[in-house]
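Student: Letter by letter, the chains look like this.
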Amino acid sequence: MGNMTSPNEQTTTLHILNKAPEHPRFEACMNALCPEDILVLSENAVLALADQNPTIPENSLALAPDLAARGLGTDFEEQAISYQDLVRLTEEHPRIISW
Amino acid sequence: MPTSLTYTLVITGAPWTSQAPQTALAFARELVSAGHRIDRVFLYGDGIHLASALSTPPSDEHHWPQEWSEFLAENGIPAVACIASALRRGLVDEAEQARYELTGSNLRPPFEIAGLGEWVEGTMKSDQVIYFHGSV
Amino acid sequence: MSTLIVVDQAPYGSWAGREALDMTLSLAAFDQPAALLFTGAGVNWLRKHQAPEEIGQKSVEKNLAAAPIFGVEEILADATACQRYGLTEDNMIAGASMVADTSATLNSHQQVVFAG
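Residue numbers (the working numbering), protein chains in the order written: chain G, -17 to 81; chain E, 117 to 252; chain S, 918 to 1033.
The shape of chain G in the complex, shown without the other chains:
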């Protein structure tokens, strides 16, 4: 948040997205991603990994419990992260957008 960086500093952004690919805000998030940003998919958004025509960046991450809930628990282990990992990401990114 602003208390961690000065206003005009160029910083990468952590995006936390919880909406399925059909939701309008999903596309809005995709359009807002900058090359160095990190995208974490949570809740319904983890379904984007199962999308046969994905629009998400290759380095996207997804919350493991949400993948498991939706029957995707074993398919995307490389991209799966824990809530603990998400905390670590929020430590490392002063700028976070919760979509």
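Take these hints with a grain of salt, some might be off.
What the hints assert, rightly or not - Within a straight-line C-alpha distance of at most 20 Å, the following computed SDA-like cross-link-like pairs (lysine to any residue) qualify:
hint : chain 1 : residue 1 : chain 2 : residue 2
1    : S       : Lys975    : E       : Arg204
2    : S       : Lys975    : S       : Leu942
3    : E       : Lys241    : S       : Pro950
4    : S       : Lys979    : S       : Arg1001
5    : E       : Lys241    : G       : His75
6    : E       : Lys241    : G       : Ser80
7    : S       : Lys965    : S       : Glu1006
8    : E       : Lys241    : G       : Glu73
9    : E       : Lys241    : S       : Met918
10   : S       : Lys965    : S       : Gln1000
11   : S       : Lys965    : S       : Met918
12   : E       : Lys241    : S       : Phe947
13   : S       : Lys979    : S       : Ile1010
Derived from the structure by calculation, the hints contain no laboratory data.
Take the given structure of chain G and dock chains E and S to it, following the hints.
Tutor: Relative to the frame of chain G, chains E and S by itself:
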């Protein structure tokens, strides 16, 4: 982990209708484990339903309002339901019950009812502000 | 440290836009730099001559028009969405500016917030 950070958590999704309270609680537990401090939890919009004392899920399901209130109490974390969001949705404390001469009150401690100023203060003071919205 | 509040939900069918406006006005009341960005169906909040009396709601048109007086720095609208919904300077409330590149707008504010 180098430093302890402060967080404000905002929940705008209602329990069961959305995953917001569940995701937020799992995240909040890890924040505390990692040594960070949660300055406050702010319920806005439909998120205020998390502070209901009357919510009664089946006994074999997670009781999100109860689990949240226990977590808040155990860790001494202030929590506020936005008054404008709360009143119109039928979440009231004893003061509002008296003010509007209502038949009851239903605010679950340790949640308190207060204004958006609490959220603004969180944005000003906390290192990070994370929002947990509904997903539909 | 400036905050951009984004409204992407249509007016009157849900409360989300009002809650976003409340957040924006609260920031301004605390002298915090705040701007509003309307995108998607949300641009329709900026249409002139809103008359929601028959659906039992109050118009936000006056609140939005007054927002700059209360300290809200900018009221912005995504140009593509405006085009889709036939919104032009003539039928939009005064004080709203169109932006062609909302990504740039997002990146120019330290905080980007949705009300719900």
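Student: Now, for every hint given, state plainly whether the structure supports it.
Tutor: So, going through the hints one by one against the coordinates:
no.: 1; hint: S/Lys975 - E/Arg204; verdict: 15 Å, holds
no.: 2; hint: S/Lys975 - S/Leu942; verdict: 17 Å, holds
no.: 3; hint: E/Lys241 - S/Pro950; verdict: 15 Å, holds
no.: 4; hint: S/Lys979 - S/Arg1001; verdict: 24 Å, violated
no.: 5; hint: E/Lys241 - G/His75; verdict: 17 Å, holds
no.: 6; hint: E/Lys241 - G/Ser80; verdict: 18 Å, holds
no.: 7; hint: S/Lys965 - S/Glu1006; verdict: 10 Å, holds
no.: 8; hint: E/Lys241 - G/Glu73; verdict: 16 Å, holds
no.: 9; hint: E/Lys241 - S/Met918; verdict: 12 Å, holds
no.: 10; hint: S/Lys965 - S/Gln1000; verdict: 15 Å, holds
no.: 11; hint: S/Lys965 - S/Met918; verdict: 31 Å, violated
no.: 12; hint: E/Lys241 - S/Phe947; verdict: 13 Å, holds
no.: 13; hint: S/Lys979 - S/Ile1010; verdict: 9 Å, holds
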